[in-house]
Amino acid sequence: MNRMSISFSAKSENESFARVAVAAFVSQLDPSMNELTEIKTVVSEAVTNAIIHGYEENAESIVYVSCEIDEGNISITVEDEGVGIANIEEARQPLYTSKPELERSGMGLTIMENFMDHVEISSVVGEGTRLMVMKKLSKASAFCQ
Amino acid sequence: MNRMSISFSAKSENESFARVAVAAFVSQLDPSMNELTEIKTVVSEAVTNAIIHGYEENAESIVYVSCEIDEGNISITVEDEGVGIANIEEARQPLYTSKPELERSGMGLTIMENFMDHVEISSVVGEGTRLMVMKKLSKASAFCQ
Amino acid sequence: IGEIQRFLRDDGAVKVSRSIKELSNQVRKTSEQLMKELGRVPTVKEIASFLELSPEEVVFAQDASRQLASIHETIYE
Ligand SMILES: Nc1ncnc2c1ncn2[C@@H]1O[C@H](COP(=O)(O)OP(=O)(O)O)[C@@H](O)[C@H]1O
Ligand SMILES: Nc1ncnc2c1ncn2[C@@H]1O[C@H](COP(=O)(O)OP(=O)(O)O)[C@@H](O)[C@H]1O
Ligand SMILES: [Mg+2]
Ligand SMILES: [Mg+2]
Numbered sequence: 001m002n003r004m005s006i007s008f009s010a011k012s013e014n015e016s017f018a019r020v021a022v023a024a025f026v027s028q029l030d031p032s033m034n035e036l037t038e039i040k041t042v043v044s045e046a047v048t049n050a051i052i053h054g055y056e057e058n059a060e061s062i063v064y065v066s067c068e069i070d071e072g073n074i075s076i077t078v079e080d081e082g083v084g085i086a087n088i089e090e091a092r093q094p095l096y097t098s099k100p101e102l103e104r105s106g107m108g109l110t111i112m113e114n115f116m117d118h119v120e121i122s123s124v125v126g127e128g129t130r131l132m133v134m135k136k137l138s139k140a141s142a143f144c145q
Numbered sequence: 001m002n003r004m005s006i007s008f009s010a011k012s013e014n015e016s017f018a019r020v021a022v023a024a025f026v027s028q029l030d031p032s033m034n035e036l037t038e039i040k041t042v043v044s045e046a047v048t049n050a051i052i053h054g055y056e057e058n059a060e061s062i063v064y065v066s067c068e069i070d071e072g073n074i075s076i077t078v079e080d081e082g083v084g085i086a087n088i089e090e091a092r093q094p095l096y097t098s099k100p101e102l103e104r105s106g107m108g109l110t111i112m113e114n115f116m117d118h119v120e121i122s123s124v125v126g127e128g129t130r131l132m133v134m135k136k137l138s139k140a141s142a143f144c145q
Numbered sequence: 001i002g003e004i005q006r007f008l009r010d011d012g013a014v015k016v017s018r019s020i021k022e023l024s025n026q027v028r029k030t031s032e033q034l035m036k037e038l039g040r041v042p043t044v045k046e047i048a049s050f051l052e053l054s055p056e057e058v059v060f061a062q063d064a065s066r067q068l069a070s071i072h073e074t075i076y077e
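Top line first, the protein sequences correspond to chains A, B and C. Mapping the first sequence onto this note's numbering, position 77 (from 1) lands on 77, and the numbers just tick up by one. Mapping the second sequence onto this note's numbering, position 124 (from 1) lands on 124, and the numbers just tick up by one. Mapping the third sequence onto this note's numbering, position 24 (from 1) lands on 24, and the numbers just tick up by one.
The set of hints was computed from the structure by calculation and includes no laboratory data. One or more of the hints may lead you astray.
[Claimed, not checked] Computed from the model, here is a short list of chain A residues facing chain B with C-beta under 10 Å:
{"#": "1", "residue": "MET1"}
{"#": "2", "residue": "SER5"}
{"#": "3", "residue": "ILE6"}
{"#": "4", "residue": "PHE8"}
{"#": "5", "residue": "ASN14"}
{"#": "6", "residue": "ARG19"}
{"#": "7", "residue": "PHE25"}
{"#": "8", "residue": "ASP30"}
{"#": "9", "residue": "ASN58"}
{"#": "10", "residue": "ALA59"}
{"#": "11", "residue": "LYS136"}
{"#": "12", "residue": "SER138"}
[Claimed, not checked] Derived DSS-like pairs: lysine-lysine, alpha-carbon spacing no greater than 25 Å straight-line:
{"#": "13", "chain 1": "C", "residue 1": "LYS45", "chain 2": "A", "residue 2": "LYS136"}
{"#": "14", "chain 1": "C", "residue 1": "LYS21", "chain 2": "C", "residue 2": "LYS45"}
{"#": "15", "chain 1": "A", "residue 1": "LYS136", "chain 2": "B", "residue 2": "LYS136"}
{"#": "16", "chain 1": "A", "residue 1": "LYS11", "chain 2": "A", "residue 2": "LYS99"}
{"#": "17", "chain 1": "B", "residue 1": "LYS40", "chain 2": "B", "residue 2": "LYS11"}
{"#": "18", "chain 1": "C", "residue 1": "LYS45", "chain 2": "C", "residue 2": "LYS29"}
{"#": "19", "chain 1": "B", "residue 1": "LYS40", "chain 2": "B", "residue 2": "LYS99"}
{"#": "20", "chain 1": "C", "residue 1": "LYS45", "chain 2": "B", "residue 2": "LYS40"}
{"#": "21", "chain 1": "C", "residue 1": "LYS21", "chain 2": "A", "residue 2": "LYS11"}
{"#": "22", "chain 1": "B", "residue 1": "LYS99", "chain 2": "A", "residue 2": "LYS11"}
{"#": "23", "chain 1": "A", "residue 1": "LYS11", "chain 2": "B", "residue 2": "LYS11"}
{"#": "24", "chain 1": "B", "residue 1": "LYS40", "chain 2": "C", "residue 2": "LYS21"}
{"#": "25", "chain 1": "C", "residue 1": "LYS36", "chain 2": "B", "residue 2": "LYS11"}
{"#": "26", "chain 1": "B", "residue 1": "LYS99", "chain 2": "B", "residue 2": "LYS11"}
{"#": "27", "chain 1": "C", "residue 1": "LYS36", "chain 2": "C", "residue 2": "LYS21"}
{"#": "28", "chain 1": "B", "residue 1": "LYS136", "chain 2": "B", "residue 2": "LYS11"}
From the three backbone atoms N, C-alpha and C, an ideal C-beta is built for every residue, glycine too.
Taking the hints into account, I'd like the entire structure generated from these sequences.
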């Protein structure tokens with residue numbers, strides 16, 4: 001079992017930092033390059049959500065990401081202390097976005113559900129949002145090389 | 001101004017993660033390859049010290065690294081809650097090592113002083129050690145080329 | 001110009017935004033080559049050992065090039 005956490009200013013420049021940090025950490029488990037891309041995509045989507053929806057791009061705020069790896073299992077948590085989500089069911093619908101004016105696709109949470117084995121969201125309006133995703137690496141990459 | 005912090009289990013596997021996480025963050029400033037290598041080397045040395053000297057490789061412990069960038073200025077802090085350093089003057093001497101049996105070179109702190117503009121150490125025996133290093137990127141690398 | 005570029009690169013004075021691009025190309029080429037040889041998508045350690053880098057460095061090279069390409073454009077072009 002191994003664990004890390006990172007936190008950083010809610011600026012879009014830091015999306016790339018967060019993605020590299022998480023991907024570098026999980027590379028210890030020797031994922032396939034495809035699995036690595038999936039994980040990076042999920043981190044990008046989740047961090048972008050925290051920055052643009054949770055904090056509405058207030059760069060004074062802090063985004064928290066943590067990651068735990070245990071044998072082939074990865075769990076990643078992305079948290080913000082932002083506006084929160086009133087209706088989580090609705091937010092999870094494909095194509096739903098509360099910010100159509102920013103040309104958001106509304107597909108972030110759907111992509112996460114596709115790439116991960118498990119996606120859990122908890123949120124309190126006015127307090128913030130916590131997203132937890134889990135993935136088990138394929139046996140091929142975890143054991144047979 | 002931009003800021004991040006990371007923390008992770010005190011395992012030597014995480015040294016490479018810490019080095020890449022800091023490198024990914026400071027890359028926003030577009031340093032030269034030399035400067036990036038210097039920064040990565042310093043992070044490695046400092047994190048290794050926290051793990052092997054501070055915590056004596058107790059993997060339950062946590063190492064804390066933070067980094068702030070502001071225009072061309074970088075400051076990096078590495079902290080542990082380990083054994084501490086009784087005599088900081090002595091520790092900073094080139095070639096001094098308290099662990100000659102591990103084939104340590106005793107050059108970690110000297111390397112940091114060479115690569116950085118400023119190295120500050122504070123430590124309390126039994127409570128831990130805090131190392132802060134600062135570097136200003138060269139004008140050449142920040143504006144010319 | 002080739003000489004000068006090589007000199008700058010060897011000299012280490014070259015900016016990260018430029019130098020990392022080369023490394024990320026190597027990662028991409030190695031990945032394609034291993035895919036052919038293995039008949040499946042390679043793992044990050046397979047690429048790392050081929051290039052004699054740590055897996056973490058492979059991740060950095062692959063990803064940083066995207067971010068840095070845009071820095072390079074805003075600063076130099
Ligand atoms: N961290 C968050 N804080 C507040 N609202 C969020 C957060 N993450 C997601 N949401 C809400 O869920 C919706 C759907 O998210 P997503 O599927 O990523 O689509 P998009 O980001 O393109 O709008 C968002 O439009 C937003 O209303
Ligand atoms: N984080 C730390 N906690 C406790 N002691 C430390 C720490 N960092 C450095 N030291 C002390 O300072 C000495 C010199 O450190 P360094 O120059 O890196 O050489 P080396 O690691 O090769 O011993 C170490 O041998 C150790 O006694
Ligand atoms: Mg989204
Ligand atoms: Mg040392």
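Now the hints, each set against the structure:
no. : hint                  : result
1   : MET1                  : 8 Å, holds
2   : SER5                  : 5 Å, holds
3   : ILE6                  : 5 Å, holds
4   : PHE8                  : 4 Å, holds
5   : ASN14                 : 7 Å, holds
6   : ARG19                 : 8 Å, holds
7   : PHE25                 : 5 Å, holds
8   : ASP30                 : 12 Å, violated
9   : ASN58                 : 14 Å, violated
10  : ALA59                 : 8 Å, holds
11  : LYS136                : 20 Å, violated
12  : SER138                : 22 Å, violated
13  : LYS45/C <-> LYS136/A  : 18 Å, holds
14  : LYS21/C <-> LYS45/C   : 20 Å, holds
15  : LYS136/A <-> LYS136/B : 42 Å, violated
16  : LYS11/A <-> LYS99/A   : 18 Å, holds
17  : LYS40/B <-> LYS11/B   : 17 Å, holds
18  : LYS45/C <-> LYS29/C   : 15 Å, holds
19  : LYS40/B <-> LYS99/B   : 23 Å, holds
20  : LYS45/C <-> LYS40/B   : 21 Å, holds
21  : LYS21/C <-> LYS11/A   : 24 Å, holds
22  : LYS99/B <-> LYS11/A   : 42 Å, violated
23  : LYS11/A <-> LYS11/B   : 30 Å, violated
24  : LYS40/B <-> LYS21/C   : 19 Å, holds
25  : LYS36/C <-> LYS11/B   : 35 Å, violated
26  : LYS99/B <-> LYS11/B   : 18 Å, holds
27  : LYS36/C <-> LYS21/C   : 23 Å, holds
28  : LYS136/B <-> LYS11/B  : 30 Å, violated
Consistency note: the structure conflicts with the earlier hints numbered 8, 9, 11, 12, 15, 22, 23, 25 and 28.
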